[in-house]
Every structure is written in C-alpha cells, then in structure tokens.
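Chemist: Hey, can you work out the whole structure from these sequences and the hints?
Just so we're aligned, residue 6 is where the sequence shown starts under this note's numbering, counting upward by one.
No wet-lab data here; the hints were simulated from the structure. A few of these clues could be false.
[Said to hold, decoys possible] Computed spacing ranges between beta-carbons, pair by pair:
#1 Thr76 / Ser216: 41 to 51 Å
#2 Thr219 / Ala74: 28 to 38 Å
#3 Pro144 / Ser224: 19 to 29 Å
#4 Ala230 / Asp73: 43 to 53 Å
#5 Leu94 / Val204: 17 to 27 Å
#6 Thr217 / Ile8: 17 to 27 Å
#7 Lys10 / Thr217: 18 to 28 Å
[Stated by the list, open to error] With a straight-line cut-off of 27 Å between C-alpha atoms, the simulated BS3-like cross-links for lysine-lysine are:
#8 Lys52 / Lys80
#9 Lys32 / Lys10
#10 Lys202 / Lys52
#11 Lys13 / Lys52
#12 Lys71 / Lys164
#13 Lys32 / Lys202
Where a beta carbon is used, it is the ideal one built from N, C-alpha and C, also for glycine.
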Amino acid sequence: MSIFKQIKGFVFDLDGVITDTARLHTKAWHEIADQVGTPWSHELADKLRGIGREESLDIILRAGGKQDAYTDAEKTQLATAKNEHYQRLISTLTPQDILPGIPEFLHDLHEHEYLMSIASASRNAPAVLERLGLTQYFPKIVDPNCLHTGKPNPEIFIKGAAILGLEPRQCIGVEDAAAGVQAIDAAGEISVGIGDKDVLRGATIVFPTTSTLTLANISGRLKEAA
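Modeler: Below is the structure:
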C-alpha cells in the first residue's frame, strides 16, 4: 500500500495556511513590542510564527532585555491587550481573505470524504473560521487551552488526529512554520509545508504557495519522495 492510500484525514494549521492572519498577529505584536520598548525586526516576527500567546510575549520581552521588568499580572495584561487588538483586526476578515487554492482544496477533501481538523495555537480559530465562512469544513478544532506544551512539541497534532478518531499515521499535517513542521513530524504524521523549502526543510514535501496544494499534487509528490 502506498503512503497516500492510508491517509484518512488532514490536520491544518490556520495562520498562513488557511488565511494570512499571521500579518494580523504581527501587527498586534508589533504594537506590544513598541509599548515595552523592544525593537521590532523581521527576525523577531519570524520567531513568533506558530507560537502561543504567552510564549510569544516572553520572546518579545527577552529580545528587549525586559524579561524581568514585568510582573506576571502585567504580562497577563499585555497578552490580553494584544489579543483584544487582534480580535478587532480579525473582525474585518471575509471569505476574500482565504488564501489562493484553499477553497477548492477543502471542497475536494470534503468530496473525497477526508476528515479535517484545525491544530492552531490561536484561541481565536473558531472566530476566524466563521468570518471566512469555513466552519462547515472544520467541526473539530483542537482547544489550545487543553494543551500542556506548544509547538514544536507534537501534542497539538496528536490531538488533531485523535479528535478525528484517527491515528497520526493516517493523517497529513499542513503547516507554514518550521516549529509546526517539527511538531507534525514528531507526531508521526506526514508533513506538508507551505513556504520556503529551506526554512521548512524538515517537511516531507513542501509547496511554495497554497495555490498548488491539491490532492493530485500531494499524491504525486509523495510517490516521488518514496
């Protein structure tokens, strides 16, 4: 049996895979970095990709040498302020913000009776999916509040398979961040990366953009990889 034939489900990251909410996270975190006096850079923004809210704040504070400048209560206030700003930004999302090729890909998966779940560190995933009009494809979403460890730990992708009633080996995980790809691989799922192949070199296969993400292309690339 080929690797692809054993696949029954797909576990998706959200930011940078379904829609570019990463730009909205970046905008909201940039504001917090300015507030605490941490210089903003592309390198800092990259470190926050696929990372949860509290850990992202810690990264920003450490980058500015501010890790001991705030109490736990003040850190909670900063993280809450970021989230409130982000929620205002996602309220402007529409189906036009779905990344190229994703509507067709999700429809094709549904037509072929693949199960689908969301494995995102974002607690706002249900709201984002609703704004995009994609709720019907994702009745199963991993609750970040039930996780003990964030990506690159595989826990979120293991749960992403489990809520579908599947084993990890029966799933393909789709990610745009290196930490996410590491998590998929550690979970024992096939990893499909979206983006720069050098950054996502740990992925089983990589597509430069979502526009080429199709069942046929995944099947073909997996045959080549085998």
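Chemist: None of the hints should be skipped; say for each whether it holds.
Modeler: Status of the hints after comparison with the structure:
1. Thr76 / Ser216: 41 to 51 Å: Since the Cβ atoms of Thr76 and Ser216 sit about 46 Å apart, the hinted range of 41 to 51 Å holds.
2. Thr219 / Ala74: 28 to 38 Å: Violated: the Cβ-Cβ distance is about 49 Å, outside 28 to 38 Å.
3. Pro144 / Ser224: 19 to 29 Å: 25 Å, holds
4. Ala230 / Asp73: 43 to 53 Å: Given range 43 to 53 Å: holds, Cβ gap about 47 Å.
5. Leu94 / Val204: 17 to 27 Å: With a Cβ separation near 25 Å, Leu94 and Val204 satisfy 17 to 27 Å, so the hint holds.
6. Thr217 / Ile8: 17 to 27 Å: 19 Å, holds
7. Lys10 / Thr217: 18 to 28 Å: 22 Å, holds
8. Lys52 / Lys80: Holds, at roughly 19 Å.
9. Lys32 / Lys10: 41 Å, violated
10. Lys202 / Lys52: 17 Å, holds
11. Lys13 / Lys52: 32 Å, violated
12. Lys71 / Lys164: Not OK: Lys71 and Lys164 at ~34 Å, beyond 27 Å, violated.
13. Lys32 / Lys202: 25 Å, holds
Against the hints set out earlier in the document, violations occur for numbers 2, 9, 11 and 12.
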